[in-house]
Amino acid sequence: MKVKKFTGSNNHEVMSKVKSELGNNAVILHQKKVKPTGIFSIFKKSVIEVVAAIDEGNTGLNKANNVIEHKSLAKRPEDILKERVSQIETKDEKSATLSREIDEIKGMLHVFMKNMKQEHSGEQDRYADDEELNQLYQTFNKHEVDPLLIDKLLETYEEIDITNKTVLNKEATLKEKLVEVLEQYIFKVSTINKESPQIIFFVGPTGVGKTTTIAKLAAHHALNEGQSVGLISADTYRIAAVEQLRTYSDILNIPLEVVYKSSEINKAIDNLKHKDLIFIDTAGRSHKNKEQILELETLLQQIECKEVYFVISCTTRTVDIKEMIKAYDFLKDYKLIFTKLDEASTFGTIINTAMFIQKPLSYITTGQSVPDDIEILDLDKIVDLIVKEVS
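Residue numbers (UniProt numbering): 1 to 391.
Since the hints were made in silico from the structure, they are not lab data. Where hints are given, some of them may not hold.
Stated by the list, open to error - Derived DMTMM-like pairs: lysine to aspartate or glutamate, alpha-carbon spacing no greater than 20 Å straight-line:
(1) Lys335 with Asp270
(2) Lys194 with Glu225
(3) Lys288 with Asp276
(4) Lys288 with Asp320
(5) Lys288 with Glu323
(6) Lys359 with Glu307
(7) Lys273 with Glu295
(8) Lys381 with Glu323
With the hints as constraints, model all of the structure from the sequences given.
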């Protein structure tokens with residue numbers, strides 16, 4: 001295993017050096033922005049430092065593996081290493097050579113993760129000399145913003161004209177810059193409109209408020225947009241869910257179809273084909289129950305032309321959301337709805353999820369009232385919730 005440190009003035013330059021010397025199969029172990037030291041450091045720009053590794057003893061395996069493209073925010077180093085372990089394990093578990101390489105990489109991953117924990121535990125000290133940076137770090141950390149994203153946000157803050165940090169519009173300038181950074185990594189908001197597919201599924205784990213969210217959107221489009229709406233409940237696991245949707249359909253005078261198995265979905269849709277929009281409520285599925293996930297996949301496969309909204313609670317931790325999304329990996333094209341903003345005490349989950357999953361944001365719910373407590377998700381408002389305590 002060959003490990004080497006590279007530096008460059010930007011990501012493109014340093015990654016070119018890595019590929020030139022170690023090849024496309026190099027694994028990025030660590031990346032950070034380094035400020036020059038010494039008496040003349042004030043006149044020097046920061047550089048990007050990357051630690052990369054390559055296995056020198058198994059070129060055949062390297063050629064067989066897919067090229068690992070490093071993206072500083074889209075994929076973290078520890079995730080790349082885990083993928084590498086998985087790739088090797090599935091090649092040939094009986095091979096002694098492969099076993100040694102697996103052990104090497106697992107050991108390297110263990111050391112790397114330990115170093116990452118130590119590094120992030122020392123982030124506060126890193127920003128201790130600058131009161132404003134330290135306050136921002138504490139705020140982002142409190143809201144559980146991903147550490148890599150925190151670094152990027154603080155780098156952006158450091159680039160703000162020093163005169164703007166002391167004037168009255170400091171807070172507005174900060175929010176504007178943070179939103180600019182987030183928009184580089186987060187898909188634009190996309191919602192239901194006149195051009196949307198007629199058939200719209202709502203999926204997600206149990207207890208996130210899918211049924212209430214559907215009721216809010218159905219009421220909005222029926223009452224405010226003047227569209228005809230039909231409802232389908234495929235959530236027959238919970239009698240309460242069907243009855244809840246039936247109550248809303250009665251109040252709004254919207255037809256409701258109930259399906260008890262996947263094969264019935266086409267008939268239910270056919271009964272509502274004259275409607276502008278058909279909202280389909282699916283049963284909440286535990287990401288740990290493969291059988292339930294397969295049932296949902298089978299249901300969605302029945303319909304070709306559709307739109308899917310993945311519903312997530314703002315109170316769910318980022319690490320759990322990543323596990324959920326992994327279990328739902330059969331979904332290739334969907335949009336994100338966040339619920340229960342009013343119940344959340346931290347708001348980093350929203351931007352973390354949007355950044356790592358790379359799917360469009362759509363709506364956010366802010367309470368239980370139908371149809372009022374739902375709105376188009378606005379990044380400005382989320383940033384405002386996070387940084388409002390920064391004076």
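Consistency of the hints with the structure:
no.: 1; hint: Lys335 with Asp270; result: 25 Å, violated
no.: 2; hint: Lys194 with Glu225; result: 10 Å, holds
no.: 3; hint: Lys288 with Asp276; result: 35 Å, violated
no.: 4; hint: Lys288 with Asp320; result: 11 Å, holds
no.: 5; hint: Lys288 with Glu323; result: 9 Å, holds
no.: 6; hint: Lys359 with Glu307; result: 13 Å, holds
no.: 7; hint: Lys273 with Glu295; result: 24 Å, violated
no.: 8; hint: Lys381 with Glu323; result: 27 Å, violated
Checked against the numbered hints given earlier, the structure breaks hints 1, 3, 7, 8 and satisfies all the rest.
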